[in-house]
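> Construct the complete structure from the given sequences, taking the supplied hints into account.
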Amino acid sequence: MTDPAPGTISNSTSSSNSTSISVMIIIDKAPFLGSNAAESLDAAIALASFGQKVTLWFSQEGVFNLLKGNQANKFNQLDHCATIEGLEYFDIEQVVVTSEDWDKYQLAQTPLRLEPTLLDSAKVVDSFKHYHQILRFS
Amino acid sequence: MASFSILVTGSPFQSGAHQSALRFAEAACLLGNSIEAVFFYGEAVLVANKLIQPIESTSKQQANLTQSWLALSIQQKIPLMACISTAIRRGIVDDDEVGSNDNITQPNLAEGFILAGLGELAEMTASSNKLIEFGG
Numbered sequence: 007m008t009d010p011a012p013g014t015i016s017n018s019t020s021s022s023n024s025t026s027i028s029v030m031i032i033i034d035k036a037p038f039l040g041s042n043a044a045e046s047l048d049a050a051i052a053l054a055s056f057g058q059k060v061t062l063w064f065s066q067e068g069v070f071n072l073l074k075g076n077q078a079n080k081f082n083q084l085d086h087c088a089t090i091e092g093l094e095y096f097d098i099e100q101v102v103v104t105s106e107d108w109d110k111y112q113l114a115q116t117p118l119r120l121e122p123t124l125l126d127s128a129k130v131v132d133s134f135k136h137y138h139q140i141l142r143f144s
Numbered sequence: 810m811a812s813f814s815i816l817v818t819g820s821p822f823q824s825g826a827h828q829s830a831l832r833f834a835e836a837a838c839l840l841g842n843s844i845e846a847v848f849f850y851g852e853a854v855l856v857a858n859k860l861i862q863p864i865e866s867t868s869k870q871q872a873n874l875t876q877s878w879l880a881l882s883i884q885q886k887i888p889l890m891a892c893i894s895t896a897i898r899r900g901i902v903d904d905d906e907v908g909s910n911d912n913i914t915q916p917n918l919a920e921g922f923i924l925a926g927l928g929e930l931a932e933m934t935a936s937s938n939k940l941i942e943f944g945g
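Here the protein sequences come in this chain order: A and B. Sequential numbering from 7 applies to the first sequence in this note's numbering. Sequential numbering from 810 applies to the second sequence in this note's numbering.
Read the hints as simulated data drawn from the structure, not as lab findings. Take the hints with a grain of salt, since some may be wrong.
Said to hold, decoys possible - Pair by pair, the computed Cβ-Cβ distance ranges are: (1) GLN884(B) with GLN115(A): 52 to 58 Å; (2) ALA811(B) with GLU106(A): 35 to 41 Å; (3) ALA88(A) with CYS838(B): 40 to 46 Å; (4) SER812(B) with GLN66(A): 44 to 50 Å; (5) ILE941(B) with LYS129(A): 21 to 27 Å; (6) GLN83(A) with ASN910(B): 44 to 50 Å; (7) LYS110(A) with LYS939(B): 31 to 37 Å; (8) LYS135(A) with SER812(B): 19 to 25 Å; (9) GLN915(B) with GLU121(A): 47 to 53 Å; (10) GLN884(B) with LYS129(A): 42 to 48 Å.
Stated by the list, open to error - To be clear about the criterion: a stretch of chain B counts as covered by chain A if any three or more of its residues have a C-beta under 8 Å from a C-beta of chain A, and this derived list gives those stretches: (11) 811-819; (12) 847-858; (13) 894-901; (14) 934-943.
Even for Gly, the Cβ is constructed at its ideal location relative to N, Cα and C.
Printed below as a string of C-alpha cells:
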C-alpha cells in the first residue's frame with residue numbers, strides 16, 4: 007500500500023520525459039451496464055501508452071469492475087475487465103479504492119483482478135492536487 | 810489571455826454538457842481567450858451525427874447543438890474532434906469508414922467535425938493549456 011501521489015510535478019528527474027503528465031481517471035460506473043467503464047479504461051490505456059502516468063480510481067459501483075468473478079459472456083459482452091489484470095503492462099500501476107468503498111462493497115470477501123491501493127477518501131481527495139488532470143467520463 | 814482545450818463527455822440528449830461547453834467557449838473567446846480544440850468522447854460524440862434531429866432544430870430561431878458547434882468552429886477556427894473509436898461504436902462514420910463493412914454505405918459525420926484518435930486527448934492533457942471537461 008503506497009501513497010498514490012505521483013509527485014511528477016515537483017520531480018525534476020522527469021525532464022528526460024517531457025510528457026510525464028499525471029492523470030487521474032475516475033471510474034464510478036459498474037461494468038457491462040452501458041459502455042462507460044469500458045470506454046474509461048480505453049482512455050486510461052491510451053493516455054498511458056502516450057507516456058502519461060495514469061492513476062485509476064475505482065469509485066462506488068465502479069469497484070465492480072475489479073471483481074474476478076465477472077461473467078461478461080452472460081451479457082453477451084466482451085470482458086473489458088480482463089484488461090485490468092494487465093494494467094501493469096500498460097504502466098498503470100496505481101489503482102485506488104477508498105477504504106470506505108472497500109468495506110461497503112465487501113471487497114475483502116471476493117477475489118479481485120488485482121490488489122488496489124486502499125486509501126481513506128479524504129486522502130484520495132487530498133491527492134487531487136498532485137495531478138495535472140482529473141477526468142471522469144460520463 | 811489564456812488558452813483552453815475543451816473535453817466534452819456528456820450526451821447531447823441526456824445532459825447539459827454541450828450547452829455549458831458552448832457557452833463557456835463563447836464567453837472565453839469573447840473575453841479574448843483562445844480555445845485550441847474541442848474533443849468529444851463517449852456519448853458526447855452523438856452530436857457529430859448529421860442525421861440527428863434534436864428538439865432544438867424544430868425552432869428556426871435556435872440553432873441546434875451540432876450547428877452551434879460548427880458555427881463556433883468556423884468563427885474561432887477551432888477543430889472539433891470526435892473520438893474515432895467511440896464514434897464508430899455509435900454509428901458515426903466518415904468517408905474513410907465507408908465500405909469497411911457492408912452496413913456502412915455512406916458517411917454521416919457532421920460538417921466541421923473530424924474523427925480523431927485518443928492521442929489527441931493525450932496531447933490535450935499534456936499541453937500547457939487548461940483542459941476543461943464538461944460531463945453529464
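> Three residues or more, CB to CB closer than 8 Å: is that satisfied between the region 847-858 of chain B and chain A?
holds (count 3)
> Holds or violated: 19 to 25 Å for the Cβ distance of LYS135(A) and SER812(B)?
22 Å, holds
> Apply the coverage criterion to the region 811-819 of chain B and chain A: a residue qualifies when its Cβ sits closer than 8 Å to a Cβ of the chain, and three qualifying residues are needed.
This one holds; 3 residues, not fewer than the three required, reach chain A with a Cβ under 8 Å.
> Is the hinted range of 31 to 37 Å satisfied by the C-beta distance from LYS110(A) to LYS939(B)?
The hint (31 to 37 Å, Cβ to Cβ) holds, given that LYS110(A) and LYS939(B) are roughly 34 Å apart.
> A range of 35 to 41 Å was offered for this pair. Does it hold for the Cβ distance of ALA811(B) and GLU106(A)?
Holds: the Cβ-Cβ distance is about 37 Å, inside 35 to 41 Å.
> Evaluate the given range 44 to 50 Å for the C-beta pair formed by GLN83(A) and ASN910(B).
20 Å, violated
> Between GLN884(B) and GLN115(A), does the beta-carbon spacing fit 52 to 58 Å?
57 Å, holds
> Do ILE941(B) and LYS129(A) keep their Cβ atoms within the hinted range of 21 to 27 Å?
26 Å, holds
> Does the hinted range 40 to 46 Å hold for ALA88(A) and CYS838(B) at CB?
Holds: the Cβ-Cβ distance is about 44 Å, inside 40 to 46 Å.
> Note whether the CB distance of GLN915(B) and GLU121(A) lies within 47 to 53 Å or breaks it.
49 Å, holds
> Has the hinted range 42 to 48 Å been met by the Cβ atoms of GLN884(B) and LYS129(A)?
This hint holds: roughly 45 Å between Cβ atoms.
> Closer than 8 Å, Cβ to Cβ, for at least three residues: run that test on the region 934-943 of chain B against chain A and report holds or violated.
Satisfied; 4 residues make the cut.
Hints 4 and 6 from the list above are not met by this structure, while the remaining hints are.
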